[in-house]
Amino acid sequence: MAHTHESNTKRIWYVFGILSVITTVEVALGIIKPEALFMNNFLSMSLLNWIFIILTVVKAYYIVWAFMHLEGETKGLRWSIVAPLVFLILYLCFILLVEGDYVYEVYKTGQIKWNF
Amino acid sequence: MGATVNSNDEHALLDGGPGPLGATYGKMMMWFFIVSDALTFSGFLAAYGFSRFKYIENWPLADEVFTHFPFLHGVSAPMYYVALMTFILIFSSVTMVLAVDAGHQLKKSKVAFYMFLTIIGGGIFLGSQAWEWKNFIKGEYGAVETVGGSILQFVDKDGKRVALHEFAKVLPGEREQLTRDKGFWFTEESSLPTYTVAEVIEGFKAHPDVLIRTEQIVKKEKVTLTREESLKRIEGTKYVVEGASLIRNEYGHKLFADFFFFITGFHGFHVFTGVLLNVIVFFNVILGTYEKRRSYEMVEKVGLYWHFVDLVWVFVFTFFYLV
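As given, the protein sequences belong to chains A and U, one line each in that order.
Quick note, the first sequence lines up with residues 17 to 132 if you use the working numbering.
Quick note, the second sequence lines up with residues 5 to 327 if you use the working numbering.
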């Protein structure tokens, strides 16, 4: 795309600002660990961890959309990249985490006492 | 580029030629390489999640493990250092995207300048990671491993960690390391810890205010035993553990160090590769290769890879240090 291309520097610095703020919030929360968020669970994970994961996905969105400039690609290319990733990663996490939790339950309530 | 390029234009062909979906083949290849690499990292992190869920009740607490900061000796600074590393990598991502932006406007010297900054950022990140590994491998407090394979750490009455050298008793007698030239050619052992098991046990008995902290987590905190329970538990000690290796580590579950070395190591390898690619492209920019082509798409492609490395770090940061 050699033809005239206006500069995007303003947006780049704006995104950098967002990423920095999110990281700072994450670190602050990680150090303070507010009691209400840390001790209360949602779907067997603490609210704090949910916040961390959501903030991470927001960061990933900005990196991929702004820095990797997926927002400027055609719709077809965007979907062929994002859709397989979203589907496969969710699937992988679902299978492995459920299985991990199951093994934990077996150890805890079953008669097995040692590693396999 | 798309429609403006005719297929006889060899410069355009160097970028892979115009392909479907409005992108060149070169760029698409980079994108789909990134998709597959992202799945590889997802596999690693999901495997980490599996092990963690499996041992949810005795996994090490990350903010007790990574507490070092350069020039702050003895100060517990959880997370600050990794946060700094995250900022370094995000910032080098910014300079990379500024280089790509300057490339769109065909400003050669600006591209070179931002590429240079990106390379420096990558170098600093790699150095930081080396320092992080050094601290992790060296360890701080030391621990013992029982016959059953669990790690016991030492704390005082207030729950503050106590290092082995603060209480271990030095006993007479020397224990020599078994090396290949001293026994059978196939038998050897890794370097010996500073204290023997007997020295730690004797020292522990002589210090009534030292207690044992187990790996078990109850209400998000590791369980500390009473003095009587501690004395009983110390008898089952088999190894003295200092720092971390792939076999055992003083922080807790063995898999923790394995995953740490493997995932951050694989990511560090990607950063190293990224720096290498950036250096090559940097020299091409200086030599005017892309100026002649009238297209800085190569900068854009290594840029994609570099941002991907940053993206992976964002996830490693969350799942290793925060969650």
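Simulated from the structure, these hints should not be mistaken for lab results.
These numbers come from a predicted model, not from an experiment.
Treat the hints with caution; some may be incorrect.
Straight line, CA to CA, 20 angstroms or less: simulated PhoX-like cross-link-like pairs of lysine-lysine [unchecked claim]:
1) K124(A) x K236(U)
2) K236(U) x K226(U)
3) K226(U) x K124(A)
4) K49(A) x K236(U)
Checked hints:
no.: 1; hint: K124(A) x K236(U); verdict: violated, 23 angstroms
no.: 2; hint: K236(U) x K226(U); verdict: holds, 18 angstroms
no.: 3; hint: K226(U) x K124(A); verdict: holds, 18 angstroms
no.: 4; hint: K49(A) x K236(U); verdict: violated, 34 angstroms
In this structure, the earlier hints numbered 1, 4 are contradicted, and the remaining ones agree with it.
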